[in-house]
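Next come the chains, spelled out residue by residue.
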Amino acid sequence: MMFLIRRFETVVNDLFLRGRVPGTIHLCRGQEATLVGAMGALESKDRITLTHRGHGQALAKGVDPGGLLAELMGKTGGVCRGMGGSLHVGDWSVGALPAIAIVGASSPIATGLAFAAKRLGTGRVTCNFFGDGTASKGELHEAMNLASVWELPVVFLCENNVYAATTHISEYMKNEYVSERAVAYRMPGVSVFGNDPLTVYTAVKEAADRARQGGGPSLVECLTYRRDGHKRDDPAAYRDHREVEAWLRTDPIPTFRNRLHEEAGISENILAGIEESVESQLLAAQGFAHSSPYPPVEQRLSYVYA
Amino acid sequence: MMFLIRRFETVVNDLFLRGRVPGTIHLCRGQEATLVGAMGALESKDRITLTHRGHGQALAKGVDPGGLLAELMGKTGGVCRGMGGSLHVGDWSVGALPAIAIVGASSPIATGLAFAAKRLGTGRVTCNFFGDGTASKGELHEAMNLASVWELPVVFLCENNVYAATTHISEYMKNEYVSERAVAYRMPGVSVFGNDPLTVYTAVKEAADRARQGGGPSLVECLTYRRDGHKRDDPAAYRDHREVEAWLRTDPIPTFRNRLHEEAGISENILAGIEESVESQLLAAQGFAHSSPYPPVEQRLSYVYA
Amino acid sequence: MSMPDLTTAPPIVRAEGSRNLTIVEAMREALREEMTADDRVLVLGEDIVVGGAFLVTLGLAEDMGSDRVLNTPISENGFLGLAIGAAMEGLRPVVDMQYGDFLFTAADQIIQQASKLRYMSGGQVKIPLVIQLPTGASGRGAQHANSMESLFFGLPGIKIVTPSNPYDAKGLLKSAIRDDNVVLFIVHKHLYGSRGRTIQHEQTSIGEVPKGEYLVPIGVGDIKRQGEDITVVANNVVLHHVLNAATTLEDEGISVEVIDPRTLVPFDVDLVVGSVEKTNRLLIVEENPSRGGWGTWIISEVIRRAFYSIDAPIARLSADDIPIPFSPPLERASVPTEDRILKKIRYVIHG
Amino acid sequence: MSMPDLTTAPPIVRAEGSRNLTIVEAMREALREEMTADDRVLVLGEDIVVGGAFLVTLGLAEDMGSDRVLNTPISENGFLGLAIGAAMEGLRPVVDMQYGDFLFTAADQIIQQASKLRYMSGGQVKIPLVIQLPTGASGRGAQHANSMESLFFGLPGIKIVTPSNPYDAKGLLKSAIRDDNVVLFIVHKHLYGSRGRTIQHEQTSIGEVPKGEYLVPIGVGDIKRQGEDITVVANNVVLHHVLNAATTLEDEGISVEVIDPRTLVPFDVDLVVGSVEKTNRLLIVEENPSRGGWGTWIISEVIRRAFYSIDAPIARLSADDIPIPFSPPLERASVPTEDRILKKIRYVIHG
Ligand SMILES: Cc1ncc(C[n+]2csc(CCOP(=O)(O)OP(=O)(O)O)c2C)c(N)n1
Ligand SMILES: Cc1ncc(C[n+]2csc(CCOP(=O)(O)OP(=O)(O)O)c2C)c(N)n1
Ligand SMILES: [Mg+2]
Ligand SMILES: [Mg+2]
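Protein chains in written order, with my numbering: chain A, 25 to 330; chain B, 25 to 330; chain C, 205 to 555; chain D, 205 to 555.
Among the hints, erroneous ones may be present.
Claimed, not checked - Computed list of lysine-lysine pairs in DSBU-like fashion (alpha-carbon distance at most 30 angstroms, straight line):
#: 1; chain 1: B; residue 1: Lys198; chain 2: A; residue 2: Lys198
#: 2; chain 1: A; residue 1: Lys69; chain 2: C; residue 2: Lys330
#: 3; chain 1: B; residue 1: Lys198; chain 2: B; residue 2: Lys255
#: 4; chain 1: A; residue 1: Lys198; chain 2: B; residue 2: Lys229
#: 5; chain 1: C; residue 1: Lys330; chain 2: A; residue 2: Lys142
#: 6; chain 1: D; residue 1: Lys548; chain 2: C; residue 2: Lys482
#: 7; chain 1: D; residue 1: Lys330; chain 2: B; residue 2: Lys142
#: 8; chain 1: D; residue 1: Lys428; chain 2: B; residue 2: Lys69
#: 9; chain 1: A; residue 1: Lys198; chain 2: B; residue 2: Lys142
#: 10; chain 1: B; residue 1: Lys229; chain 2: B; residue 2: Lys198
#: 11; chain 1: A; residue 1: Lys198; chain 2: A; residue 2: Lys142
#: 12; chain 1: A; residue 1: Lys229; chain 2: B; residue 2: Lys255
#: 13; chain 1: B; residue 1: Lys142; chain 2: A; residue 2: Lys142
#: 14; chain 1: D; residue 1: Lys482; chain 2: D; residue 2: Lys428
#: 15; chain 1: C; residue 1: Lys548; chain 2: D; residue 2: Lys482
By construction, these hints were calculated from the structure, which means they are not laboratory data.
Take the sequences, apply the hints, and build the full model.
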């Protein structure tokens with residue numbers, strides 16, 4: 025799955041450069057381990073809310089790559105019928121709420137999904153993805169307090185990739201870790217290495233289990249890094265090359281592949297086989313997306329009201 | 025001063041009951057020690073931002089009782105020329121920014137006053153008054169983080185009177201103290217007994233001195249209690265009578281009067297003299313407010329633009 | 205599950221006699237009936253367990269349970285967003301904003317989220333949500349006197365309801381709760397007629413409400429008074445001033461047709477156009493400031509559809525383009541009064 | 205200190221030759237000049253040290269110092285409120301909102317605070333504040349496509365500026381910075397012409413800018429093209445479509461007068477009325493949705509002041525009353541295009 029996300033983003037990047045993907049894109053290359061580790065700890069009935077950097081979050085939750093790619097192109101076969109685009113991908117049928125691109129705004133809404141789960145007794149847990157920069161938004165704090173007071177089954181998951189767009193984390197918070205803010209609401213908070221999917225899995229599993237058993241919300245911070253710029257046209261020249269190199273050495277894709285091979289003893293063939301199947305999945309996805317037509321212009325008048 | 029505030033609010037209450045004060049009023053009877061203690065720790069050049077419960081804050085900062093009362097009546101002699109009313113009292117010439125009645129909204133603005141003080145090197149400190157209920161607003165958190173990151177000379181002062189309007193503090197936060205939230209921004213935070221003016225003075229003085237010396241912001245929480253309901257038409261029946269009785273036993277006015285008499289050995293005569301002078305001050309204030317005319321209706325078109 | 209399309213459904217009235225209620229009592233009945241009929245309905249807001257700012261929820265917590273009438277922290281973004289999420293999962297929240305003015309601290313949740321999430325998702329989600337917004341000037345100064353109806357009139361993706369009497373308030377609130385969309389339910393602060401508070405225009409807030417269950421459809425205006433010489437469109441408190449003025453003018457031989465749109469979005473333009481084609485004159489009275497008022501859009505629609513039926517310049521009365529001042533005489537001078545309405549109608553008729 | 209009243213002051217032009225600049229370059233020059241002339245001027249916003257979303261501040265941090273070009277946390281309420289406080293103490297902040305759409309998360313600070321604090325204080329405070337708001341649809345979906353100019357048009361107590369070319373952008377930004385009030389400086393996302401980003405309408409974002417210092421006064425509209433048969437009022441990107449359409453129609457013998465209001469608040473109604481009295485026909489083109497559009501207010505004013513000079517129903521072109529869809533063909537279909545403008549003008553002229 026991590027490999028699928030990496031390759032999907034690479035394909036998106038190529039298509040964007042070739043002008044086949046309009047608008048803007050925010051790639052998550054480098055952050056795959058956090059996404060896959062976290063999603064592994066959730067059940068398929070659980071809910072997630074996505075960020076502006078949502079392609080990987082969607083794939084990890086089980087959104088179809090073809091429908092996802094078609095959405096980025098504004099095609100009628102897109103998961104949102106072309107109405108949303110890259111900033112709003114998601115498929116509610118697999119529990120991935122179409123992404124909210126206004127940072128911070130998703131946290132109260134995720135808390136509401138959790139509120140409904142508790143009230144209706146569905147046993148669902150909601151995982152609210154947000155970034156380190158978003159930790160400066162008041163909405164997040166209002167949501168964490170509400171979730172804590174009402175003991176709602178939500179996991180606030182911070183993908184800390186050290187930057188808010190072009191701004192270094194040291195410029196917008198005095199704290200070393202975002203997780204320090206959990207105590208302000210008497211909520212458990214932890215920070216873990218986000219490039220190791222197993223570490224992330226363990227942390228999120230503990231938080232999700234607690235939530236499911238009525239133990240209320242938690243804040244889980246995963247420390248990771250962007251391979252790319254903030255968006256497609258960002259060379260990320262503002263980053264210190266030593267910081268970049270140090271992080272890229274921990275790139276989850278090669279690292280985890282080696283571990284699977286050496287530690288878990290999974291053979292080259294099997295790994296290569298997985299990689300091949302990913303490539304063919306992506307070819308199929310591109311085929312679907314390219315052949316899907318644009319929606320009829322009348323569709324713009326639909327979906328305004330239920 | 026504490027006595028002045030108590031008697032002023034009592035006069036306002038009477039006038040309101042007699043229909044001489046339109047709109048609504050939020051009295052601060054019972055919270056005088058926090059106001060006077062805090063203001064004593066500030067310099068006259070310092071700034072404060074006021075809340076919807078601002079009459080006492082204004083008086084303590086040195087706003088003229090006559091102009092204040094005239095404002096509550098919507099008279100042209102009011103500190104805001106009758107444009108603001110009870111919810112917006114203040115006199116910028118004495119450093120009391122006319123009150124902001126949207127809770128939480130004043131915290132970023134207070135932080136801006138502190139930003140200007142630092143940039144212009146005025147040596148001013150800003151004290152941002154807010155209530156325990158307001159601690160649930162995101163604006164406060166954004167402001168505390170900004171003040172912390174930019175090391176601005178602001179004191180976030182929480183008047184914790186146990187209720188947000190009719191709602192008990194235990195209904196909207198898990199924390200025992202609002203001051204626990206300071207650590208979320210690596211900011212010093214303390215909670216003190218707000219009905220003892222000297223304790224409040226010491227805590228605010230320490231925070232203000234630190235701010236003035238470039239040590240950045242602090243959060244000071246003062247535990248106090250409303251004698252009255254949230255607003256004039258609120259009987260406050262939702263409060264547990266044991267809670268009310270326990271707190272009223274610590275009412276700062278009689279308590280502090282006794283201490284002045286017994287501990288500081290200030291004679292009955294002197295105290296009675298102070299009280300008389302307050303009464304005559306208030307009579308003068310009422311005389312001024314009553315005799316002040318309503319503004320001409322054309323004035324409604326003024327002050328929209330500078 | 206799908207709901208009846210209330211914009212087309214006729215009002216269902218099963219009269220079993222009626223009584224005089226205030227708007228707040230009528231709204232309370234609507235909430236009680238809908239909460240009893242459908243346990244997905246719940247109410248959220250600050251201080252609503254003891255009744256809320258206008259006593260709309262007085263007694264509801266006791267009868268419906270404290271898990272369905274919830275006091276929230278002072279976190280407008282938090283609980284409005286929470287209600288949006290809960291609605292997407294099938295609950296039907298009614299959010300009480302205490303004063304509409306406080307919604308601005310959560311504006312993003314309505315402007316960017318509630319009104320757009322369904323659209324951006326290509327119809328994947330549905331947000332059945334009612335937001336209760338007291339509006340207008342009521343002697344508390346500028347921060348408690350905003351006209352919610354005009355500030356959100358330009359926002360696509362929501363519905364806006366502004367009842368002016370108890371009958372409409374009850375029927376429209378029930379329709380709003382059953383609607384699968386985001387509905388701003390806006391009542392003027394002076395119209396609630398809450399007990400235990402001093403209310404101006406006391407008489408305007410009391411009216412007949414049938415005992416039986418009924419709905420008033422969203423999107424259908426109402427002719428509150430038939431007339432021949434001029435059409436006056438108004439809502440909220442000023443509608444009551446217009447009705448008083450119309451009575452006065454009858455003695456002067458001026459016959460005024462008074463239209464209450466009842467809902468601003470969707471707006472019953474046909475009703476206004478039909479009336480203007482009869483009277484050939486139009487006056488719109490709004491409490492909100494002149495710039496950005498909903499009335500200007502109605503004017504542009506009438507111009508488009510009935511330009512050649514208009515005999516006199518379409519007139520408008522609104523508040524000044526200023527924040528609302530506190531001082532009582534200044535506040536009164538800022539908004540349309542019965543007196544100014546009388547003068548304006550005479551002017552349109554006699555020039 | 206008091207500032208010259210820019211709404212009456214004539215444009216000061218000291219031409220020393222000129223060059224072609226993009227709007228973003230013109231704005232950068234304005235900032236550089238004003239920051240050099242007055243050290244109370246500073247810029248705040250997210251990511252502006254590296255230039256900001258549209259590169260308006262590119263290079264400014266280096267030249268003006270990082271204490272005057274400040275990267276903020278993602279805290280719109282926090283830094284907008286901070287700017288308001290700083291302005292009341294005598295600083296003159298320019299806040300860069302990155303995308304205007306993000307202002308909604310701090311709506312209370314503009315709607316309830318910045319626009320009202322001076323008024324409620326009876327004139328005790330002054331808030332010289334410029335808020336830079338990229339507006340409109342640009343292929344990013346509904347949450348990045350709001351029309352700021354119409355959503356804040358009904359808010360008393362602020363000024364709204366919407367330049368459409370580099371000359372106006374520079375002169376108006378300088379005037380806005382010197383103005384003692386809150387000014388929303390709104391430019392369409394497609395007009396900046398920032399380097400390093402793909403821009404549609406590239407040609408529309410380049411224009412002549414004199415070398416010397418000059419101001420364009422706030423509140424004064426501009427006739428961008430003289431004509432006899434119809435008056436068309438438009439701003440932002442659609443103004444450029446209108447100008448293209450006017451050229452096409454010339455060959456058909458239709459002479460179009462094109463008015464760019466340049467500022468929406470205060471609005472130069474006299475200019476429009478004067479033109480309509482000459483052409484007797486009026487079309488307003490806006491990119492914002494139909495409901496709540498600023499154009500409807502202009503129509504109501506023209507009706508009030510020039511009703512008897514109008515020969516044909518006043519026409520309007522605007523976006524549909526929907527959130528903006530992402531899919532490119534759908535987005536294009538939602539907003540006024542040159543083609544639709546041509547058709548509409550022909551229709552108004554020939555019926
Ligand atoms: C309220 C709001 N302000 C600003 C933006 C513009 N913006 C989009 S992403 C981003 C940076 C977010 O940083 P972070 O939360 O760390 O997420 P990351 O991009 O690193 O994944 C910003 C400022 C926005 N979308 N919403
Ligand atoms: C944003 C906002 N929401 C709600 C209100 C209505 N309101 C006014 S005072 C108040 C209670 C505030 O409680 P607290 O902060 O503890 O201050 P206190 O009244 O106890 O002094 C509320 C809910 C408001 N003014 N602003
Ligand atoms: Mg980040
Ligand atoms: Mg309190």
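(message) Given the hinted pair B/Lys229 and B/Lys198, is their Cα-Cα distance within 30 angstroms?
(response) holds, 29 angstroms
(message) Check whether the Cα positions of B/Lys198 and A/Lys198 lie no farther apart than 30 angstroms.
(response) The given pair, whose Cα atoms are some 24 angstroms apart, holds under the 30 angstroms limit.
(message) Check the hint pairing D/Lys482 with D/Lys428 against an upper bound of 30 angstroms on the C-alpha distance.
(response) This hinted pair holds, its Cα atoms lying about 16 angstroms apart.
(request) Starting from D/Lys428, check that the Cα of B/Lys69 is at most 30 angstroms away, please. (result) violated, 52 angstroms
(message) With the threshold set at 30 angstroms, check whether the alpha-carbon distance from A/Lys198 to B/Lys142 stays at or below it.
(response) With a Cα-Cα distance of about 19 angstroms, the restraint between A/Lys198 and B/Lys142 holds, given a limit of 30 angstroms.
(request) Would you mind confirming whether the straight-line C-alpha gap from B/Lys142 to A/Lys142 stays at or under 30 angstroms? (result) violated, 48 angstroms
(message) Check the hint pairing C/Lys330 with A/Lys142 against an upper bound of 30 angstroms on the C-alpha distance.
(response) holds, 20 angstroms
(request) Take a quick look at whether A/Lys69 and C/Lys330 sit within 30 angstroms of each other, Cα to Cα. (result) Satisfied, since the Cα-Cα distance of roughly 19 angstroms is no more than 30 angstroms.
(request) Given the hint that D/Lys330 pairs with B/Lys142, test it: the Cα-Cα distance must not exceed 30 angstroms. (result) Roughly 20 angstroms between the alpha carbons, so the hint for D/Lys330 and B/Lys142 holds.
(message) Hint check: A/Lys229 vs B/Lys255, CA-CA at most 30 angstroms. Holds or violated?
(response) Violated, at about 47 angstroms.
(request) Starting from C/Lys548, check that the Cα of D/Lys482 is at most 30 angstroms away, please. (result) Given pair C/Lys548, D/Lys482 holds - Cα atoms ~29 angstroms apart, limit 30 angstroms.
(message) Run the distance test for B/Lys198 versus B/Lys255: straight-line Cα separation, threshold 30 angstroms.
(response) Answer holds: B/Lys198 to B/Lys255 is near 26 angstroms, not above 30 angstroms.
Hint violations for this structure: numbers 8, 11, 12 and 13, all remaining hints satisfied.
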